[in-house]
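Asks: The primary structure of each chain is shown beneath.
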Amino acid sequence: MGLDFSIIPKYFDIILLGCAWTIGITLAAAILSFFGGILFAVIALYAPWIIRQPFRLIAWVFMGTPLLLQLFLIYFGLVQIGIDLPAFVAGIIGLGLHFAVYNSELIQTAILSVDKGQMEAARTLGLSRPEALRKVVIPQAVRAVIPPIGNNMIALLKDSALVSVIGVSELTLSAQRVIGKTYRPFEFYLLAAAFYYVINLAMEWVQRRIERRISISR
Amino acid sequence: MDFELMLKVYPFFLEAAWVTVLLSVLTAILGLICGTLGTAARLSRFALLRFLGAAYVSLFRGTPALIQLFILYFGGPQIGIQLDAFEAGVIGLGVNAGAYMTETIRGAIVSVDKGQGEAARTLGLSQWQSMYKVILPQSARLMVRPLGVNLNMLIKATALVAAISVIELTYTAQRYIGSTYKPFEMFLLAGVLYMIIIYVTGRGVAWLDRKVQIT
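Residue numbers (the numbering used here), protein chains in the order written: chain C, 1 to 218; chain S, 1 to 215.
Hints are computed from structural coordinates only; laboratory data are not their basis. It cannot be assumed that every hint is accurate.
[Unchecked claim] Pulled a few chain S residues facing chain C out of the computed Cβ check, cut under 7 Å:
| no. | residue |
| --- | --- |
| 1 | I67 |
| 2 | F70 |
| 3 | A85 |
| 4 | F86 |
| 5 | A159 |
| 6 | T170 |
| 7 | I198 |
Just so you know, even glycine gets a beta-carbon here, dropped at the ideal spot from N, CA and C.
Please model the complete structure; the sequences and the hints are all you need to start from.
Replies: Quick look at the structure:
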């Protein structure tokens, strides 16, 4: 069986819809992972010992095991405790939490590297500790980690393909469905790869622009 | 927590863990080969090779490994490549890891001071000699740690072959989650085994890193 790319236009809209889902899921998971990352970083650094230590253990487990395994845990685990979420919500939560842990590592390092004088000055000016964290320390820390977080977000886009395994109709699963009808895996997986590549390039472009802007305003 | 069940299925997970280890080792070897070739291409004198090297890195890092695996395993037969799932897994993941390793190896080589190569050339060493005797030994020291990060990612990426039904750790966990409805227990079993593999590898990399440092 040779290759025949002329079959693609007929199913192009299905792939395009999958593409839209991939972008939506990536965006939602990216936002979750960004704010989750800040929250996790604050917990890992400032929460009382009894919360901090178990939390660090869980974060460590999340960094040491494959995302695919975690997706199975979240998807089937939620069902088991009676929370029956649609697959795409489970996928967003899984992706978002996984990358929140990675972002949190970056943000922790950044928070610790913000000059101590900043916190002291803020406290002197009458801000409470949480206020000083929220208004002075964290904004500076987050700015410093935007480029590496951008790398994580690009990794997130590629890992979003994994949620096809728990049945989310994004780009990969859409390609799979079309292949089920046409028996043309090479053509349609290649097409899906091309779409991922284009989104990837677009994200890299945005990342470069943001980096340039940050480096100017410093 | 159903410990009885965990004890009962534990041998199957252990067996699967060995498949994951074997996959990781073979993938790492292939990745290093591809990474070395990729670096050679990217640092070549010939523009065409440099372009091919850059395209390899960009395309394989810019698309999901899962899709690459699917193209190879499901699409391969259409262009005359017949592989079983394990072979496709090793080749697909290895070539993918090679793209990341190319960047690591290349980064270590170009970060060796330029003066080193120039000095070697001035002393009468040929291009190859200065590469093998002066630059590579120095960059090898810089490479160990970042290649360790690549290795860590690679081990976790072997989970992807579960999607083409290679019976490794994640596939086994998935199967038992499906048949026992105990996702947490199965995750714990597989997770602990993954973390042991990653911990041991990490210690190995740290040992190697200490070994190659001069001081």
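Asks: Could you run down the list of hints and mark each one as holding or not?
Replies: Hints versus structure:
1. At about 5 Å, the closest approach between the beta carbon of I67 of chain S and any beta carbon in chain C falls short of 7 Å, and the interface hint on this residue holds.
2. Because the smallest distance between the Cβ of F70 of chain S and any Cβ of chain C comes to about 5 Å, under 7 Å, the interface hint for this residue holds.
3. The beta carbon of A85 of chain S is not positioned within 7 Å of any beta carbon in chain C (closest approach about 14 Å), and the interface hint is therefore violated.
4. Taking 7 Å as the C-beta cut-off, the interface hint given for F86 of chain S is violated, the closest approach to chain C being about 17 Å.
5. A hinted interface residue such as A159 of chain S counts as satisfied when its beta carbon comes closer than 7 Å to some beta carbon of chain C; here the least separation is about 3 Å, so the hint holds.
6. About 5 Å separates the beta-carbon of T170 of chain S from the nearest beta-carbon of chain C, less than 7 Å, and the hint is met.
7. Taken as an interface hint, I198 of chain S checks out: its beta carbon lies about 5 Å from the nearest beta carbon of chain C, inside 7 Å.
Hint compliance for this structure: hints 3, 4 are broken, all remaining hints hold.
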